[in-house]
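Top line first, the protein sequences correspond to chains A and B.
Numbers given in the working numbering equal positions in the first sequence, counted from 1, plus 922.
Numbers given in the working numbering equal positions in the second sequence, counted from 1, plus 5.
Incorrect hints may appear among the rest.
What follows is a set of in silico ranges between Cβ atoms, one per label pair, in the way DEER data are often shown [as the list claims (entries may be wrong)]:
| hint | chain 1 | residue 1 | chain 2 | residue 2 | range |
| --- | --- | --- | --- | --- | --- |
| 1 | B | R129 | A | D965 | 34 to 44 Å |
| 2 | A | N1133 | B | N128 | 27 to 37 Å |
| 3 | A | K1063 | B | N65 | 23 to 33 Å |
| 4 | A | I945 | B | D193 | 48 to 58 Å |
| 5 | B | E21 | A | A995 | 57 to 67 Å |
Taking beta-carbon pairs under 7 Å as the criterion, some of the chain A residues facing chain B (in silico) [to be verified]:
| hint | residue |
| --- | --- |
| 6 | K961 |
| 7 | D965 |
| 8 | S1044 |
| 9 | V1045 |
| 10 | P1060 |
These are computed hints drawn from the structure, not numbers from a lab.
We put the beta carbon where it would ideally sit given N, CA and C, even for glycine.
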Amino acid sequence: MELLPLYLSAKLALITTLVLIVIAAPLAYVLACFTWPGKTFVDALINLPIALPPTVIGFYLLCLLGPRGPFGAPWETLFGASLLFTFTGIVLACATYSLPFAIQPIKAAFEKLDPRLLESASVLGLSPLATFFRVVLPNSKSGIAAAAILVFLHSLGAFGVILMVGGSIPGETRVASIAIYEAVESFQYEKAWLLSLAFLPVSYFFLLIVNRLTRREAS
Amino acid sequence: MKGLHVRLSRRLGKLEIDVAFSCPEGSTLALIGPSGAGKTTIIRMVAGLERPDDGTILFNGETFFDQPRGICLSTRKRRLGYVFQDYTLFPHLSLFGNAAFAAKDRREVEDLFRFFGLNPMRNRRPGQVSGGERQRCAICQAMATRPRLLLLDEPFSALDVVTRRKLRDELKKIKEERRLSVLYVTHDITEALYMADVILPVVNGKIDRDWLESITRSTGSRDLLQKAVREPKLSLAF
Chain A
923 MELLPLYLSA
933 KLALITTLVL
943 IVIAAPLAYV
953 LACFTWPGKT
963 FVDALINLPI
973 ALPPTVIGFY
983 LLCLLGPRGP
993 FGAPWETLFG
1003 ASLLFTFTGI
1013 VLACATYSLP
1023 FAIQPIKAAF
1033 EKLDPRLLES
1043 ASVLGLSPLA
1053 TFFRVVLPNS
1063 KSGIAAAAIL
1073 VFLHSLGAFG
1083 VILMVGGSIP
1093 GETRVASIAI
1103 YEAVESFQYE
1113 KAWLLSLAFL
1123 PVSYFFLLIV
1133 NRLTRREAS
Chain B
6 MKGLHVRLSR
16 RLGKLEIDVA
26 FSCPEGSTLA
36 LIGPSGAGKT
46 TIIRMVAGLE
56 RPDDGTILFN
66 GETFFDQPRG
76 ICLSTRKRRL
86 GYVFQDYTLF
96 PHLSLFGNAA
106 FAAKDRREVE
116 DLFRFFGLNP
126 MRNRRPGQVS
136 GGERQRCAIC
146 QAMATRPRLL
156 LLDEPFSALD
166 VVTRRKLRDE
176 LKKIKEERRL
186 SVLYVTHDIT
196 EALYMADVIL
206 PVVNGKIDRD
216 WLESITRSTG
226 SRDLLQKAVR
236 EPKLSLAF
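Work out the full structure, taking the sequences as your base and the hints as a guide.
The structure is reproduced here in structure tokens:
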């Protein structure tokens, strides 16, 4: 069995998860615990990847990250290399695509927090930032873990977005989902079977953990 | 201008809160009245957890809130202690961790723990101790920040009579030691008489002296009424 696509998928999922948790936790805090003008619009914008087809997101990202794109052009000036068809490019694409899957469970966990804990923190003189690190995060561990697993699984199975932004470069952007698609296209069903089988126990195991975490959060 | 000086109004659905009172520095002012009278909302506004529609709140010359001048100091800048009705403690921390959460000096927390007899359960989480122990810890947490003003919202309502009496004495003693100004919400008139230097009867969001007199008569209790009159430190705030 060809292991490189599986390794790339795992690496992509892991890095995307780490990046997204760091970004999503403060964003979810601002969305869940504060009232500010335009919040509804920002919330809807963050959730847009859920509603859009992956190829559409991929196309927009292609335009954004391309050598003439508003993000791709300065990147190329700074680092001397394009973002398209690179591993960094597919990490960015995957993070954009999976952002709502990170935000939603964390936001739900923050919204479930007893508001008096936040009031108590402010009475005790804590700034909103200190409250985030000392009160909000320690009391939302299950929600954050559930978000991390969902993002990991979602990134593991990402296909359309990665194909649009990264193509299929062996050892760089040819992750397992793309390798499976190509194996089927070239009638290599045994290879497709083996790669697909590798996904099954991993996804099932992590979903069991998510269910457990969700139950704990609810109780 | 020393002490707490409050004049505030706020409309909450059918309830219209409109009160004005002062509490001299180092004194305890008890807000008493039936449930739903607006007592908790009043101390929440003093704490900055809710914003009045209009009015001013001054403490020891510092402006906490002044609607005409557009001043509204954030809760954390008011530097006060607040013990919530259901004694909110952080569930992820031990009792000691809770009390030392925002403490100026950990030795002070040690002293408070000794004073309130909390040392045997200092490493337990709030969910693993009794209501009385949680209550003591909440008071330690508030005191450890060295507040200038202590706000207590029905702090003993969920406790049995014996624990309530013991805690009440402990609180009174430590309050006198530190010469703290205290704003105290209760619906228990005997408790208010025991704890307070100044009593503020609040009914339907307004100060209502008649309610205090009628309630003291119907409970009893001439004794109670007489105590209210005889209590040397007691005065009615209007």
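Evaluated hints:
Remark: the range hint 34 to 44 Å for R129/B to D965/A is upheld by a beta-carbon distance near 39 Å. One distance hint, 27 to 37 Å for the beta-carbon pair N1133/A and N128/B, holds here, with the actual separation near 32 Å. Taking 23 to 33 Å as the suggested C-beta distance range, the pair K1063/A and N65/B does not conform, at roughly 41 Å. One distance hint, 48 to 58 Å for the beta-carbon pair I945/A and D193/B, holds here, with the actual separation near 50 Å.
Range check, E21/B to A995/A: Cβ separation about 60 Å, and the 57 to 67 Å hint holds. Interface hint at K961/A: violated, since its Cβ lies 19 Å from the closest Cβ of chain B, which is beyond the 7 Å cut-off. About 25 Å separates the beta-carbon of D965/A from the nearest beta-carbon of chain B, more than 7 Å, and the hint is not met. Look at S1044/A: its Cβ gets to within about 4 Å of chain B, closer than 7 Å, so that hint holds up.
Evaluation of the V1045/A hint against chain B yields a held restraint, the C-beta minimum of about 4 Å falling below 7 Å. Given hint, P1060/A at the interface with chain B, holds; its Cβ is 4 Å from that chain's nearest Cβ, closer than 7 Å.
In this structure, the hints that do not hold are numbers 3, 6 and 7, in rising order.
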